[in-house]
Amino acid sequence: MTNHDLRGSIAIVGIGETEQGRLPGRDHWDLSVDAALRAVRDAGLTMADVDGLITGGSFVEPHAREHLRVADMLGMGLRRYTESSAMGGSGGAANLRAALAIINAGLAHTILVVGADPLLSASARDDLHESRSEALRRIMSIHDLEHIEPYGPIPAANMALIIRLYMEKYGWTREQFAEVAVTHREHAIATPGAVQQKPITVADVLAAPMIADPIGRLDCSIVTDGGVAYVVTTAERAKDLKHRPAYVLGASSIFASYYTPNFPDLMDYPAAMIETTSDEAFAMAGVERSDIDVVSVPDVFTGIVPIMLEHTKFCAPGEAGPFVGSGMIRNGAGALPVNTHGGNLAYTHPGNSGQTFNLVELVKQLRNDQGARQVPDAELGFIHSFGGTMAQHTSVVLSNSR
Amino acid sequence: MTTAHDVSETEPITRFKSPQVRSPYSGPWWDGLRDGKLVVQKCRPKRHISHPPGPVCKTCQSGDLEWVELSGTGEVYTATAVHRAMHPDFEPDLPYLLAYVRLDDGPQLATWLKDVELADVRPGMRVRAVFEKIDDRTTLHRFVPA
Numbered sequence: 001m002t003n004h005d006l007r008g009s010i011a012i013v014g015i016g017e018t019e020q021g022r023l024p025g026r027d028h029w030d031l032s033v034d035a036a037l038r039a040v041r042d043a044g045l046t047m048a049d050v051d052g053l054i055t056g057g058s059f060v061e062p063h064a065r066e067h068l069r070v071a072d073m074l075g076m077g078l079r080r081y082t083e084s085s086a087m088g089g090s091g092g093a094a095n096l097r098a099a100l101a102i103i104n105a106g107l108a109h110t111i112l113v114v115g116a117d118p119l120l121s122a123s124a125r126d127d128l129h130e131s132r133s134e135a136l137r138r139i140m141s142i143h144d145l146e147h148i149e150p151y152g153p154i155p156a157a158n159m160a161l162i163i164r165l166y167m168e169k170y171g172w173t174r175e176q177f178a179e180v181a182v183t184h185r186e187h188a189i190a191t192p193g194a195v196q197q198k199p200i201t202v203a204d205v206l207a208a209p210m211i212a213d214p215i216g217r218l219d220c221s222i223v224t225d226g227g228v229a230y231v232v233t234t235a236e237r238a239k240d241l242k243h244r245p246a247y248v249l250g251a252s253s254i255f256a257s258y259y260t261p262n263f264p265d266l267m268d269y270p271a272a273m274i275e276t277t278s279d280e281a282f283a284m285a286g287v288e289r290s291d292i293d294v295v296s297v298p299d300v301f302t303g304i305v306p307i308m309l310e311h312t313k314f315c316a317p318g319e320a321g322p323f324v325g326s327g328m329i330r331n332g333a334g335a336l337p338v339n340t341h342g343g344n345l346a347y348t349h350p351g352n353s354g355q356t357f358n359l360v361e362l363v364k365q366l367r368n369d370q371g372a373r374q375v376p377d378a379e380l381g382f383i384h385s386f387g388g389t390m391a392q393h394t395s396v397v398l399s400n401s402r
Numbered sequence: 403m404t405t406a407h408d409v410s411e412t413e414p415i416t417r418f419k420s421p422q423v424r425s426p427y428s429g430p431w432w433d434g435l436r437d438g439k440l441v442v443q444k445c446r447p448k449r450h451i452s453h454p455p456g457p458v459c460k461t462c463q464s465g466d467l468e469w470v471e472l473s474g475t476g477e478v479y480t481a482t483a484v485h486r487a488m489h490p491d492f493e494p495d496l497p498y499l500l501a502y503v504r505l506d507d508g509p510q511l512a513t514w515l516k517d518v519e520l521a522d523v524r525p526g527m528r529v530r531a532v533f534e535k536i537d538d539r540t541t542l543h544r545f546v547p548a
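Note that the protein sequences, when read in sequence, are chains P and D.
Note that this note's numbering numbers the first sequence so that position 46 is 46, with each residue one more than the last.
Counting from 1 along the second sequence, just add 402 to a position and that's the residue number in this note's numbering.
In isolation and in its complexed conformation, chain D is listed as follows (with noise of 0.2 Å):
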C-alpha cells in the first residue's frame, strides 16, 4: 500500500472528500480502500463485475454477488487538470488531475492521477492504484504512473 499523502487527523472532516451518507451495500468497498485495495461486487451466476456497489448486478440482474479484489491496475482513457474547486476542501489540491481510469480487470473509475504532469498524460498511459487517507471514515483511491 501507498500513501501518496495524508492528512492530519486534527484537521476538520472534509465533507466532500469524505461522503457522509453511504449505501449499505457499499461496506467492503470502502473498507477496501482503506486496507489499500480495489474491492468490488462480482455476480456469481455469469461473473460480471458490477459497481458502483448495489442491490443487484447491473449487467444481469443477479442478487447474487459476492466481493473480489481488483488487481489495481489499468490504464488513463481520458484526464483533465482542474484549477478551480467547487469547495474550499479542494483548494489545496489545486490543479488536481481528475481522470477516468480503465481497469484491467474491473469497471472506469473517476479518480486523481498523481505523480504526473497533464502535459505528459497519454491517452492508453499504464497506471496502478494508490491509496490517499483523508480521515478515519475515508480512504480514497488515486493512480499514478505503474
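Isolated chain P (complex conformation) (with noise of 0.2 Å):
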C-alpha cells in the first residue's frame, strides 16, 4: 500500500559507513556510534537535530533494548521516535518505507538509521568467503530452528533451491552468473572503501568449490565487519542541508513468512511480492523503468541478480539471465547499472546492514560525486530489498529532485 501524498515528502540527508572488511576488537555498538556520527556530520547536523533512532538488529550481540543502548552511547537527549527493527535483509530499505510514515504522521522530522555488526570477526574463520563458519550459525538463527535447521538449509541451498527453478525453466546457466560476479568485482574494485580489491575472471568463479549447486564460493556475497547509517528527514528540512538530498518518491513494502516451505511455491509466490512492491513504488514515484539511472537488488548470491531484475521489471520474463551474462549490468558499458559499488558480493555484506549499503550508494550516485566511476548525470535511483529467503521487500524510488 502507498499514499502518492507523500511523494517527495522526505529524503536522505547524510550517509556514513564505517571502515569495512576484518575489524578485530571492534564490537557491534563500537560500530553503530562510529556510522551514526558520520551520518549525522555528513549532513551537517549534530545529534541535537535528531529526533528519532531506528536500529537495525545484531546477529552477533543481540539485545532486547539496542535502540535504547545505542542512543545511550551516541548521547542523544530525549527522543520522539525509538526503535530495533529487526528486518533481517531489507531493513535499510523497509526502515526508510517505515520513516517515511512516521515523518509524515508527525511524530518524529530527522530520523537515524543504523545498522552494524562484526560478523567476520564473530566467525571462526579469517576468511571472507568461508562459510562454515560461528556467522553462519548465527544467521542460521533466523530461521525456524526447530523445524528447518535440523536439515542444515544454509543461506546458499535456500538460494539454490530457488535459482534452480529458473535454471530449469529458463536455460540460464552458471556461466551467467559468474558474470555477475566478475562485474561486482570490478565495481567493488573502482569504489573507495571495498573489501574485495583483486580482479577474478568467470574461469575463478566456475572453479571455485561449489557450497550449494549451482552456487561455489565465489557466487557467494562475502561477510564482513561493518556498520551503516543514514539520516532522513523532511523535503523542507532537507533542501537547506550540505548535501543534494536524495527524495524519496516511492516506497512499497510486503512481508511474508519466515517458514519458506510454507510459501505455496518458490516462484510465482515471491515473484508476486516483487511485482506488487516496485509496481507500487513506480505508481508513487509518477516514473517508469525507462527512467530510471541506477539500479541496487540483493546480489546475497549471484543468481538471485537476474531473478530480482525479471521481477522488478527491469526485464522480460527469461531476459535476465543473458543479460546479465552479457555484462549489461556493468557501471559505464552496460545498459542498466546495477549495484554500482560492488554490493554485497564485493563491496561489503555485515549481516542485517548489508543491503542498506547497496541504498546508500544510490545516495553516492545521485549526489553526482563519484568521480570517475559516477553514473553520468545520475537522477533517478531504485532499490529492491529483501530479508529472508524472498521474505520481506522493500521498494524504493529515489531522486535527486522532487
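Honestly, the hints are just simulated from the structure, not real lab data.
Predicted model, so just to flag it, every value in this text is computed and none were measured.
A virtual CB, placed ideally from N, CA and C, is assigned to each residue, including glycine.
Some hints could be false.
What the simulated footprint calls covered on chain D by chain P, stretch by stretch (three residues with Cβ under 8 Å from a Cβ of chain P suffice, anywhere in the stretch; the number is not a length) [claimed, not checked]:
| no. | segment |
| --- | --- |
| 1 | 464-471 |
| 2 | 475-485 |
| 3 | 498-504 |
Combine the two chains into a complex, taking the hints into account.
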C-alpha cells in the first residue's frame, strides 16, 4: 500500500559508513556509534537535530533494547521516536519506508537509521568467503530452529533451491551468474572503501568450490565487519543541508513468513511480492523503469540478481539471465548499472545491514560526486531489497529532485 | 519404518540436528517421527492441515485442532546438493541433498533426499518418507524415491 500524497516528502540527507572488512576488537555498539556519527556529520547536523532512531538488530550481540543502548552511547537527548526493527536484509529500505510514515505523521522530523555487526570477526575463520563459521550459525538463527535448522539449510542452499527452478525454466547458466560476480568485483575495485579488490574471471568463479549447486564459493556474498547509517528528514529541512538530498519518490513494502516451506511455491509467490512493491513504488513516484539511471538489487548470491531484475520488470521474463551474462549491468559499459559499488558480493556484507549499503550507494550516485565511477548525470535510482529467503520485500524510488 | 542411517548413541548429541528448544505444541510431531510417522495438526472445523505445530490453525485461526497421520508420500518440488557444512555436525553428511517435498496430503517440508543423486532428481519425482534417528530425543524425516 502506498499514499501518493507522500511522494517526495522526505529525503536522505546524510550517509555514514565505518571502515569495512576485518575489524578485530570492534563490537556492534562501537560500529553503530561510528556509522551514526558519520551520517549525522555528513548531513551537517548534530545529534541535537535528530529526534528519531531506528536500529537494525545484531546477529553477534543481540539485545532486546538495542535502540535505547545505541542512543545512550551516542549521547542522544530526548527522542520522539525510537525502535529496534530487525527486518533482516531488507532493513535499510524497509526502515526508510517506515520513516516515510513516521515523519509524515509528525511523530518525529529527523530519523537516524543504523545497522552494524562484526560478523566476520565473530566467525571462526578469517576468510571473507568462508561459509562454515560461527557467523553462519548466527545467520541461521533467523530460521525456524526447531523445524528447519535440523536439515542444514545454509543460506546458499535456500537460494539454490530457487535459482535451480529458474535455470530449469529458462535455461539460465552458471556462466551467466559468474559474470555477475565478475561485474560486482569490477565495481568494487573502482569504489573507495570496498573490501574485495582482487580481480576475478568467469573461469575463477566456475572453478571455485561448490557450496550448494549451482552456487559456488565466488557466487556467494562475502562476510565482513562494518556499520552503516543514514539520516532522513522532511523535504523542507533537506533543502538547506550540506548535500544534494535523495528524495523518496516512492516506497512500498510487503512481508511474508520466514518459514519458507509454507510458501505455496518458490517462484510465483515471491515474484508477486516483488512485482507488487516495485509496481507500487513506481506508481507512487510517477516515473517509469526506463527513467531509472542506477539500480540496486539483492546480490547475496549471483543467481539472485537476474531473478530480481525479472520481477522488478527491468527485464522481460527469461531475459535477465542473458542480460547479466552479457555484461549489461556493468557500470559504464552496460545498459543498466546495477550495484555500482560491488554490492554484498564484493563491497561489504556485515549481516543485517548488508543491503543498506546498496541503498547508500544510490544516495552517493544521486549526489553526482563519484568521480570516474559516477553514473553520468544520475537523477533517478531504484532499489529492491529483501530479507530472509525472499520473505520481506521493499522497493524504493529515489531522486535528487522532487 | 525404514532407518536410513543410525547415529551411535555414544556419539555426542548433535546440537543442530537435535533442536534443544522445542515449542510446547510440537510434542506429537516429534513423537510421530520417533515412531516412523508424519503426524501433523489438522483443524476440526475446516479440516485444514497446519504445520509447523502451533496454537491455532494457520489458515482459519481455529484453536480446535487434532493430530492426524499423513501418508508420507509426495513429490519433489526442488532440490540442491549442499557441499559445505554450516556446522561440523553436518560434515559427515556432505554432500547432502536439501529438498522441498510436497506431500500428497499435507504440507511442503524442507527435508533431505536419500538414495538418489542430484543429477537424477527431477521436479515432480515421487518420493516417500523414511526416518533417521539422530539421538535419543530426535528422529528426522528423509525422503527416498518411491
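Those earlier numbered hints the structure runs against, lowest number first
Hint 1 contradicted; others consistent.
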